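Taken in sequence, the protein lines are chains A and B.
According to numbering that gives the first Met the number 0, the first sequence is numbered sequentially starting from 0.
According to numbering that gives the first Met the number 0, the second sequence is numbered sequentially starting from 0.
Everything labelled a hint here was simulated from the structure, so no lab data went into it.
There may be inaccurate statements among the hints.
Pulled from the structure, derived: some chain B residues nowhere near chain A, Cβ distances all over 12 Å [unchecked claim]: (1) Val-291; (2) Leu-388; (3) Pro-392; (4) Glu-429.
If you want the footprint, here are the derived chain A segments under chain B, 3+ residues with CB under 8 Å [what the hints assert, rightly or not]: (5) 166–175; (6) 188–199.
Only part of the chain A face toward chain B is listed, based on derived beta-carbon distances under 8 Å [said to hold, decoys possible]: (7) Leu-147; (8) Leu-161; (9) Thr-163; (10) Ser-178; (11) Thr-202; (12) Lys-203.
Here the structure is a predicted model, which is why all the values come from computation and not from measurement.
Here a beta-carbon is modelled for each residue, glycine too, at the ideal position from N, C-alpha and C.
Listed here are the chains, written in short residue letters.
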Amino acid sequence: MQPDTEQTLIIYHNMHTAITLPEPGDEGEQGNHRLSAPLASLSSINTSDEDTLNMTPYKPFSLPSRRVTEMTPCLAQGSLSLYTFSSLGVASSLVKPHHLLPDGASIRPAEQPAAGQLLPEQAFYPLLVPALPTEVAQPAHAGVLTLLPLLLGTAFVLLLYLVTPVVVSLLPFLPTFWSRLLISLELLILVEWLICRVLYKTTKR
Amino acid sequence: MPVTSSSLLTLLERAIGYLPGILGVLVSLIGLRLLAYFYDFFRHWEHYRGLPTQTTGDLMRLPTLPYLKIQITTRGTTGSTVVIRRVIRSILDLVYDAPSLYGLLLSVEIVTENAQQKTLFEQEFAHTPLDVQVFVVPPDYQTARKTLCKARAMHHMVEQRRQGRNSKPGRTFILHCDEESIMPPRELKKLLYYLATTKEQILMGPLYSSLQYRSASTLCRVLEAHRPLHSFECHRAMLSGLPSQVYGTHFVIDEELENALGWDIGNFDGKPILAEGFLFGLIAYLRYGRTVFGWHGCSLLEQPAFTYRSAFEQRYRQTQSLLQSIALIRMLPDARKLPLKTRALLIWSACYQLLTDTLSLPASMLAFGYTLYQSYLLLNNRLVLPLPLSLSPLLLWFAVVSILWLNTFFIGAWYNVSYAELSRYQRVLEILRVLALAPLAGIMESVAACWAIGQWIRGKRLALWQPTPKTLLATRGYHASTDKDDEIVLPVQEQRLRRFKELRRLRESRMHSSTRGKGIPRRYPISYPSSRPASYFASRRAIRRRLNA
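Just chain A, with the same shape it has in the complex (with noise of 0.2 Å):
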């Protein structure tokens, strides 16, 4: 699964640290699925002194969509202090040195103009992670359960208004009942591999 970048904990080098946090409205796409997420990777940060952290001037980056597997706090060897993060409420425990900084990447001060060829120079690298959901204790049956109704529901209403309008078509044409109802699916499945010939070639892969 791929962490939203919205919730990753970042370090944007000699400026202004920040944890970018869920916004209020991005509880909606989290509330089904994904709000827990970053609750159970911050359960450990302390956020007893909400207003200071809420009012830190901060300076959020999304990053390019990229796949992390583990959940990692690290921190960029030589750019920032752990005194950093115990200020902000971060434990020391959770913040280790991680990744050293690539050749070339340089440290530029925040209140330098913004310049769009200075950029590629600046490196960012995640700090925390959220805790991606246990891909264990999913009931077995729960697949099933959830499949089997829409199974259902879809056959009936395929039967309803695919299979029924051209078996009763073909009346006319063929006297029996297994004549009419495989030419009915022959039809069916042809008119069904072209849409979905279509289809497959307008959408991106």
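Knowing the structure of chain A, use the given hints to seat chain B on it.
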């Protein structure tokens, strides 16, 4: 004359005898629209949605590149800040690919009525290579023709541009977006490439409801499956050069043309015009003809309405705007000068769309009953010809329309889920869900259209610029507020504080629930909505009550 049971039965039998005829008329009216849709789908799919990817290198090889301003017009209501930030970040994803190129070509202009957003966005994105400018529409701002709502804000922006604000040295296009609309980076590259190689000045593209897909209720997801139908109709209109069916968002307009025309479209008997996109297209058609219209084929992602109520109101506004368009074509002095054929085409296409939207309600209900009865006979092997043999082609026509109708949902669901962040299995589930609920959705969707027409006939033609709430929190606030026009706009800091408190309460309640069962860890992962413990929902309900209070 006394009514006996036998006479009632006779009447019923006669009514059932008329049923195929009535159904035939209804189905035929809707079927023609579906046929046109599928004709486009099979005939013009390459033009509708071209997939060849353009790279930055491809763009660099072009002799000239246009500038692209992404204009987000918002009212600044609750929840809009979050979604606008998401839009800008998605653009930044592209800009960071090649800041010296995209930082120069792209810029974002936010037109809002909320002054707080100006400070917020301009500070937040000041140090990025993307130029983000926020323009606040003054509360007392009035156009010459007293245009209201969204068009008023857009015209304010045009006036700013006419004065030279954010002017660019070369050909410039403006991509008009809603506050939540995202054009993915690869689509933006394709758009830049297309704009660099075209002479068309008003372009549109397909819309998909893929953002926050699973946050919407099941019924809303099914309703959104109808959207590609409208996209294809818009595609046909843009190809023909007659803007009979255009939607208000996802317009890409040449800045020069937009500055020449403006958005000062006036009002409709003192009420705002909701069909501003249609009217702008019509004015452009009257002045420049068919050649200015085009189709770029780059998709824009939007998010569906979260609740049925929001979806209902969205459909209601769409129908009202369609009714307004018909009235405006009749009223506009310039439109009266149009050739009779063109005028009839414009009016009748809108009327036909209205008619089919409305007739979907009885047609869906009748068709459901009819096919249910026929399926029962089929499964019992007692199927008999429901019509005389001479009318048997009508049965074939019913079958064709039925296939097309259900496949409309299939195509819509496919497009929506293919751009949503879902696994393959989840996509299959979502498509199955849409198909299973398609009959219900057909009825529920047309209810809104019928209601809007009923209100219009009764003289209730008041329409407000009330964007569909973009977040669940905003949806709750929206539904809780009685006066829709007085939307609550909380200060940003207050919103953040509220969010922190809510999150902390939630976390505490979860931690409490996880440690309650004698130290046994929670059994189900909290990522699966259906598997959440009951205490989680209880705490959610409590939070919701407090928020509403």
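Going by Cβ atoms, does Pro-392/B stay more than 12 Å from chain A at every point?
-> violated (9 Å)
Status of the hint placing Lys-203/A at chain B (closest C-beta pair under 8 Å) | holds (7 Å)
For the hint on Ser-178/A, just tell me whether its beta-carbon gets within less than 8 Å of chain B.
-> With Cβ-Cβ at 13 Å, over 8 Å, it is violated.
With 8 Å as the cut and Cβ atoms as the points, is Leu-147/A at the interface with chain B?
-> violated (10 Å)
Holds or violated: is there a CB of chain B closer than 8 Å to the CB of Thr-202/A?
-> holds (5 Å)
Verdict on chain B covering the region 166–175 of chain A, where coverage means 3 or more residues with a C-beta closer than 8 Å | Held - the region 166–175 of chain A has 5 residues with a Cβ nearer than 8 Å to chain B, which meets the minimum of three.
Restraint outcome when Leu-161/A is required to lie within 8 Å of chain B by C-beta distance | holds (6 Å)
Should the label of Glu-429/B as a non-interface residue stand, given a Cβ cut-off of 12 Å to chain A?
-> violated (9 Å)
Just double-check Leu-388/B for me: nearest Cβ-Cβ distance to chain A has to come out over 12 Å.
-> It is violated; Leu-388/B is separated from chain A by about 6 Å at its closest Cβ, not greater than 12 Å.
Measuring from the C-beta of Thr-163/A to each C-beta in chain B, is the shortest one below 8 Å?
-> holds (5 Å)
So is Val-291/B really clear of chain A, every C-beta pair being over 12 Å apart?
-> holds (26 Å)
Within the region 188–199 of chain A, is the number of residues with a Cβ closer than 8 Å to a Cβ of chain B three or more?
-> Holds, because 6 residues of the region 188–199 of chain A bring their Cβ atoms closer than 8 Å to Cβ atoms of chain B.
Figure legend: structure checked against the earlier numbered hints; hints not met, in rising order: 2, 3, 4, 7 and 10.
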